[in-house]
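So you can see what is in the structure, the chains are spelled out below.
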Amino acid sequence: MTEFYRQYLAVAVFVLAAFGMVGAMLAVARILRPKVPQDEKYITYESGSDPLPLFGQMNVRYYVYALLFVIFDVEAVFIFPWAVNVEALSWFGLIEMGVFVGVLLLGLAYVWRKGLLKWA
Amino acid sequence: MIAIEVGWGTTLAIKTAVVLGIVPLTALILGYVFLLKMMSHMQSRLGPMDPGGFHGWYQLIGDGIKFLQKEDIMPGEADRRVFALAPAIVVLSTFLVFVVIPAGPRIRVASLDSVKMFDGVGVFYALAVSSLSVIGVLMAGWASSNKYALLGALRAAAQLIAYELPLVLAVVGVVIQAGTMSLQGIVHFQQTGSLFGWSGIGFPLILTQFVGFALFMVASQAELTQPPFDMPVAESELVAGYMVEYTGFRFLFFFIGEFGTAFAFAALAATLFLGGWSVPWVHCTAADFLGPAVLFAKVMFVAFLMFWARFTYPRFREDQLQAIAWKWLIPIALANILLTGVLKVAF
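Chains A and B, in that order, give the protein sequences. Residues 1 to 120 (our numbering) are what the first sequence spells out, left to right. Residues 1 to 347 (our numbering) are what the second sequence spells out, left to right.
One or more of the hints may lead you astray.
Heads up, simulated PhoX-like pairs for lysine-lysine below, C-alpha to C-alpha not over 25 Å straight-line [as the list claims (entries may be wrong)]:
(1) A:Lys35 with B:Lys70
(2) B:Lys37 with A:Lys41
(3) B:Lys66 with B:Lys37
(4) A:Lys41 with B:Lys147
(5) B:Lys15 with B:Lys70
For the record, the hints were derived by calculation from the structure and aren't laboratory data.
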């Protein structure tokens, strides 16, 4: 295995280690903590009153933001390779990136103008 | 460091064990120094200053013992497997950030560099794994089958994705200047750089990327859901948001996740903008010994700024939060990127 892959193996080991730590700490706590089951304890908390059924529908106002996020996050993915090579790509790359960012900013301005960034 | 030949497997095992210890330790240090002591002084809170006599040193230990004795309660309506997995995902996200943060020329777990030195994906990776915690938060909120938890989780998701962008875009300026995404490469760039020919303190990137630094600090504050950006856990409206049904150690994992990530973000900010582990005039082996201490000092300084803001400002409204991210931070970040690009190409 080359050094390159070993580094990613370290990442994989860390995933296992994180789950291992969580598991181990819960296991230790399991030995020490009390367990006194009572029906009332397992009722969903709702400021003391009996819980009402969970909403059937709710207004999720965040979906416009989620769509915008996808657009700008993909943009960030494209910006990074350019950022590493700014010097090599010189003015050509810079103007290209200016156009790219400009188009996306136009999109943001359009959304803004349409009033979607307001909390409706 | 020491001239003992050890296999990479053993080294990896040691490093993993060390980081396993460091992550909860950082959470404890930040919790103790800032949350208990600094907040007590700034807000005249008497409780955390009392236990144990001297400055309330016993408070945190007492809290730990208390958490250990708490019964593990899972609401009957909960989606049990998702409920149990959620805190682990949050801790996992914190853990994975620590993989790439360098504490010395040779002290790091993995730099994620390619075969070429100082040419890798370090920052990119750190930002990617740090946003994994959104999934854990959404899982916790959804699986609790609690209205407060669900609302808190939705708020958290909207907030974390909105501030993900300024956070990522603020780093691009640094990447442009250093010409690499490798954290070791960025530290190397700052260490070997010079100010108008004077190489005394190297070239900390905060000198040119102060806009990026400010954006990074604001965005990381929001990513940590700390006041003034704590609407997802707003105790006066949502009780504790997505954590409301968690007890004992499962709750503690969210705490470790939050403060461990605060430390990781402070370490990232210190590495990207303040020169990381580098010390003027110290190189090679000596830097390996001094590096961790220097990095720790810088991290504590950055964390101080974070918690200072946390204890000083009142909470924003949800609509103000989104407006700040989309109408201010993102356009400023993009302008900063283009300006940095122009200056880099022109000079």
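Hint-by-hint comparison with the structure:
1. In summary, the hint linking Lys35 of chain A to Lys70 of chain B is supported, as the alpha carbons are separated by about 9 Å, within the 25 Å threshold.
2. With a CA separation close to 34 Å, the supplied pair Lys37 of chain B and Lys41 of chain A exceeds the 25 Å bound.
3. Straight-line distance between C-alpha atoms of Lys66 of chain B and Lys37 of chain B comes to about 19 Å, which keeps the hinted pair within the 25 Å bound.
4. Between Lys41 of chain A and Lys147 of chain B, the direct Cα distance comes to roughly 17 Å. Compliance with the 25 Å bound is thereby established for this hinted pair.
5. Distance restraint check for Lys15 of chain B and Lys70 of chain B: the Cα-Cα separation of roughly 32 Å exceeds the 25 Å cut-off, and the hinted pair is therefore not satisfied.
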